[in-house]
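Asks: Here are the chains, one letter per residue:
Number of protein chains: 2
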Amino acid sequence: MADERDSRPRTRTTPPSRMSTVDEHEAQSRLSALGFGADDAGALAAHFAAAERAGRTGHGFRRVEWIAHLGADPRARPRRVVAQPAYERWDGNGALGYLVLEAVVAAQLASPPERTRLVAAARTFPTGMLGYWTRRLAERGLVAMLTATSPRRLGHPDGGPKLTGTNPLSIAVPSSDGRPVVADVSMGNATYGDVLAGRASEDELAPFGGEHAHKAFALAVGLQLLVAALTGDDGFGAVLVVARPDADPVPAFRQLACGVRLPGDR
Amino acid sequence: MADERDSRPRTRTTPPSRMSTVDEHEAQSRLSALGFGADDAGALAAHFAAAERAGRTGHGFRRVEWIAHLGADPRARPRRVVAQPAYERWDGNGALGYLVLEAVVAAQLASPPERTRLVAAARTFPTGMLGYWTRRLAERGLVAMLTATSPRRLGHPDGGPKLTGTNPLSIAVPSSDGRPVVADVSMGNATYGDVLAGRASEDELAPFGGEHAHKAFALAVGLQLLVAALTGDDGFGAVLVVARPDADPVPAFRQLACGVRLPGDR
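Quick mapping for you: the protein sequence lines, in order, are chains U and R.
Sequential numbering from 737 applies to the first sequence in the numbering used here.
Sequential numbering from 737 applies to the second sequence in the numbering used here.
The shape of chain U in the complex, shown without the other chains (with noise of 0.2 Å):
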């Protein structure tokens, strides 16, 4: 990862037409100044940088002046306080979620799994982009299904109290081709990062889908309560599963789409 990061800068010629008053070594600059340690801040603004490319700018740069707010520990360390073969637990600690989910996904990739491994993060906030995630675990070849709760954003289409985070599914899966197809859907009209980008407003956030919006609701109650039911904690949590293929589907399926985009293409 370290190469990658570093060679990101050379690399890209154009900015991102969607570039915030930012670059990738202004960030890690600033999150340096914050008290991050130098890995820490390299991998935050890593992070934000992949946002930004992506083009969601909402998970992007403007992040860093959000965490300077959010008050964090910049020397906290998430801890992995259960480690089987098939099942792991971490603890964020205190540290910013984007550094459990950092730390989480380094650990998969040191020793991937045999066949399989769900892993749950207790006090895992802020999480960013969870696709950034899960696209790292199948560019390394594994199948990854991760899901991250937050603030309680979203109410029942018909009204009531918010009674979820926008919830996302990220679903990667590797292709012998090097192209993983990386989906990574809130369960929101919006996310939270439009709402700091200014697309959106707090009040407007509600489960999307329209006249099917409870079908966005049902699936945000169902990952808020997984999430919650497998960390054991009250707080926002990240549940990662993660699992060796048997097979390559990817590359066929391109075919069968004739060009149309699949999820996570650039």
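If you're looking for bench data, these hints aren't it; they were derived computationally from the structure.
Be careful, since some hints might not be right.
All copies of an identical chain are treated as equivalent in the list; a pair is satisfied when it fits inside any one copy or across any two copies.
[Claimed, not checked] Below, simulated DMTMM-like cross-link-like pairs (lysine to aspartate or glutamate); rule was C-alpha separation at most 25 Å, straight line: (1) K898 <-> D970; (2) K898 <-> D969; (3) K898 <-> E938; (4) K898 <-> D939; (5) K898 <-> E940; (6) K898 <-> D1001; (7) K898 <-> D913; (8) K898 <-> D984.
Note that the structure is predicted; figures quoted are calculated from it, not measured.
We have chain U; now place chain R onto it with these hints.
Replies: Structure of chain R alone, referenced to chain U:
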């Protein structure tokens, strides 16, 4: 399960309002006449009866006639070809998908995972109302997430070939109050069951979500490729994640919801 099935006709004093032309006993008789053994015919009829009770009549008794036309071997038995503590692989082996999932669920209940288990079921179609299977796991205290593929009926919202099944995702979370939450969401604006029920035409089937239909499409693609990658088979399949919960979040969530109807509530 035998007791539960046997008791249903006696405890149902009024027929569900959208009951089809047959009831559970008649469905079981017809299935027996197709060559299904008593246990299998009972399991199938119980599934269809549950769908009728849930108002999902497209997955209900009318499927009996549909099964007759599928021409499945009523004597085929699903096989569990890999059984590890945290991973199982099943092969439908020519049996109806309903009966594969019936066997998978029974196996999980007979031998629950210590923490978590992923079950990949190849050649598993049709699978019916997925919430029926996850609910049974949650009623016995297990968190369950299940998806399954089916014939390609959804394309990209902007057009192009049909690429994915309606690919439902069901998530069930147990509750100490005896009322699990059971989300069960197809990625289509209708189900094929609705087509069979005459409530939608096959041509109208598309990802749900209106202006956000790319989200349901992305989930359908992710689930399609996840199942294909993990079952290692070109046909239709199912993937189940089952886990023991570390917390009991549903009662507090119901309290927060203040009477709002939650997914799977009857």
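Asks: Now tell me if each hint is right for this structure.
Replies: Results of checking the hints against the structure:
In this homomeric assembly, K898 and D970 come within 25 Å of each other (Cα to Cα) only inside a single copy, at 16 Å, whereas the closest approach across copies is 41 Å. In this homomeric assembly, K898 and D969 come within 25 Å of each other (Cα to Cα) only inside a single copy, at 19 Å, whereas the closest approach across copies is 41 Å. Only within a single protomer do K898 and E938 lie at most 25 Å apart by alpha-carbon distance; the minimum there is 11 Å, versus 35 Å between protomers. Taking the closest pair of Cα atoms, K898 and D939 come within 25 Å of each other only inside a single copy of the chain (11 Å); across copies the shortest separation is 36 Å, beyond that limit.
For the identical chains of this complex, K898 and E940 are intra-copy neighbours only, at 12 Å inside a copy versus 33 Å across copies, given an alpha-carbon limit of 25 Å. Within a single copy, K898 and D1001 get their C-alpha atoms only as close as 33 Å, which misses the 25 Å cut-off; across copies the closest is 18 Å, which meets it. In this assembly of identical chains, K898 and D913 lie within 25 Å of each other by CA distance solely across copies; the values are 22 Å between and 43 Å within a copy. In the homo-oligomer, the alpha carbons of K898 and D984 lie at most 25 Å apart only across protomers (20 Å), although the nearest pairing inside one protomer, at 40 Å, exceeds that limit.
Against the hints set out earlier in the document, no violation occurs for any number.
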